[in-house]
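Undergrad: So the sequences go chain by chain: A and B.
Sequential numbering of the first sequence, starting at 1, is according to my numbering.
Sequential numbering of the second sequence, starting at 1, is according to my numbering.
Please note that the accuracy of each hint is not assured.
[Claimed, not checked] BS3-like mimics (lysine-lysine), calculated; alpha carbons at most 27 Å apart, straight line:
| hint | chain 1 | residue 1 | chain 2 | residue 2 |
| --- | --- | --- | --- | --- |
| 1 | B | Lys-261 | B | Lys-311 |
| 2 | B | Lys-292 | B | Lys-323 |
| 3 | A | Lys-111 | B | Lys-30 |
| 4 | A | Lys-168 | B | Lys-30 |
| 5 | A | Lys-111 | A | Lys-188 |
| 6 | B | Lys-60 | A | Lys-168 |
| 7 | A | Lys-194 | A | Lys-261 |
| 8 | B | Lys-261 | A | Lys-168 |
No lab work stands behind these hints: they were computed from the structure.
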Amino acid sequence: MTIPNGPDGPTQVEIFRRMALLKANDDYTRKMVTGGKLFIPYYSYRGQEVIPAAAFVNLTDQDYLCTIYRGIHDLLSKGLPLPLLWSEIAGRSSGACGGKGGPMHLTYPEKGVMVTTGIVGSSMPIANGLAWGSQLSGDGRVAVATFGDAASNIGAFHESLNMASVWKLPVIFLCQNNQFGEHTPFAKATSCEKIADRAASYGMPGIHVDGNDPIAMYNAMAEAVARARAGEGPTLIEAMTYRFHGHVFGDKDEYMDKAVKAEAIANDPYPRFRAKLIADGTATEDQLAKMEADIQAEIEAAANAAWEAPFPDVAELTTDVYGEVA
Amino acid sequence: MSDTATQAKPMMVVAALNQALADAMADDEKVLILGEDVADPEGGGVSGVTKGLSTRFGDKRVKSTPISEQAIIGAAIGASLVGYKPVAEIMMMNFTTVAMDMIVNHAAKLRYMSGGHTGVPIVIRCMTGAGFGTGGQHSDFWEAWFSHVAGMKVVLPSNAEDAYGLMRSAIDDPDPVLFIEAMPNYWTPSAPPETGHRVPLGKARVALEGTDITIVTYSRMVNEALGAAAKLAEAGISAEVVDLRTVQPWDEETVLASVGKTGRLIVTHEAVTPFGVGAEIAAVVQEKLFGKLKSPVTRIGAAFTPVPFSKPLESAYLPDAAKIVEAATKLVKG
């Protein structure tokens with residue numbers, strides 16, 4: 001296994017570009033929900049952008065992703081195009097799923113986005129199957145299942161990690177520990193201090209990493225991807241982060257400790273990483289400002305195009321239930 | 001049935017299924033098998049349906065799994081999304097409950113929720129059926145549950161030839177197919193299948209032609225219905241027996257044609273009567289043939305109880321030929 005040396009300058013800028021895309025997209029989505037333009041249950045990922053931004057620069061378009069309902073950051077970082085995202089969450093026929101999936105079921109196989117599930121824990125059993133396919137065909141692809149801390153308490157987690165280890169599958173279990181399972185704090189629902197420790201039960205490495213540190217996150221994922229591609233089996237990564245908003249956007253989030261939340265927001269990794277890139281000369285202020293402006297324009301263009309796009313014809317209601325029998 | 005088939009040595013359902021899986025694996029290297037104890041070192045399946053397959057096709061394509069039903073179906077779904085055609089065994093039908101999320105929320109819905117960008121061509125095999133004293137958690141027929149889910153197909157063969165042909169079609173099919181095998185039928189010999197033969201999903205078979213009453217059924221109850229028809233014939237009642245073979249989708253055309261002819265219908269299945277497949281068929285038949293019915297549509301299923309253990313209770317629980325004869329006689333002769 002190769003020990004990563006950390007992301008080089010251009011890779012760090014790419015990680016930042018993805019963080020900027022994810023943050024701006026979350027900000028704009030909340031704005032559209034608040035303004036009544038977008039009528040969806042929205043599970044904000046604000047605060048968790050570093051994880052997929054830094055982790056997924058280690059992946060190719062051919063690698064697979066199974067994510068969850070709080071997963072639009074994962075999807076965008078894996079390459080789901082903004083126009084397909086926005087027209088889908090607006091329920092338009094031009095959406096990634098023709099308006100039939102919505103924000104919780106986005107799918108885009110062209111970039112390896114195979115499943116987005118609305119069921120806690122269910123990304124993992126399916127990721128195993130994708131990885132099994134890679135193992136059989138020997139194509140070197142890896143599968144990534146993302147999930148939250150609460151999903152490590154559901155049976156699917158344990159069944160999946162055990163099988164992945166027994167079968168030595170090229171799969172990475174990427175837990176985004178945002179400290180809450182819906183409204184319940186991590187410690188109140190989870191029997192161990194670190195989810196990464198659970199990896200020992202399944203005979204696989206468990207990596208506990210600061211998911212708000214882009215360099216550490218990149219390195220952890222690089223190590224897991226190298227293991228998977230080398231045929232050495234699965235890895236569990238627990239990436240520590242914090243969810244800036246309530247479970248579903250608009251809830252009163254009274255169950256979140258105000259001081260802890262304020263501290264987490266004050267430590268927002270986004271401005272910190274931005275400042276670091278400029279301070280160490282990896283990027284310039286002008287370069288990043290232009291990047292942010294371009295991203296903002298792309299998001300607004302995608303959203304505006306979505307509002308103008310037609311809804312699906314009602315004849316679409318009954319298509320895609322079954323495929324064509326040859 | 002071909003001349004060669006009628007002359008050939010009878011085959012048991014378990015052997016026909018084994019042959020169907022072997023032929024499918026030989027024809028298409030994307031066909032995979034996974035499940036508890038399915039590989040030869042573990043016995044080739046607890047009933048021997050997958051015997052010999054791991055030896056012939058290798059342990060990469062035929063994999064014994066941990067006892068982890070969610071992980072089994074999840075692995076099948078994932079592999080199917082990337083071009084494989086897994087046949088997953090969930091040993092007993094009752095164990096599907098452990099994998100319900102994977103089957104119902106994922107396998108059945110991914111095609112629709114992705115707007116047709118993905119599909120889940122998997123077969124989920126399971127066995128079930130009362131009669132062996134396996135009691136309340138190893139014997140249930142839950143075909144109605146799964147038939148209620150858009151995206152699922154549900155198949156229940158009654159004999160060797162259909163078991164082979166339906167399995168080949170199920171593996172060819174682009175969507176998830178739940179393939180329910182009646183345990184008490186496994187070792188019943190019947191006409192053998194022709195290699196490569198397909199029975200299209202959703203197509204019923206008229207197992208016996210008749211004019212006075214239609215008995216619609218499937219799985220193990222087909223033999224009971226045929227037994228009942230023989231008894232009824234002695235009493236001068238001509239019963240037509242329709243073997244649905246697939247309950248989702250069910251062959252409305254064949255059923256309506258038969259009931260249009262006889263004017264009377266009994267639907268019988270081993271599953272409990274309330275909210276069962278019989279209720280769905282009865283609803284459609286009264287809707288489409290209201291003026292042509294000579295008697296009320298009658299359902300004969302198991303008692304609405306968990307499957308009991310003790311033999312007299314188990315026998316009382318099950319529908320059988322005698323119950324069909326009694327009901328049919330009453331409907332025809334009043």
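Undergrad: Which constraints among the numbered hints does this structure fail? Numbers only, ascending.
TA: 1, 5 and 8
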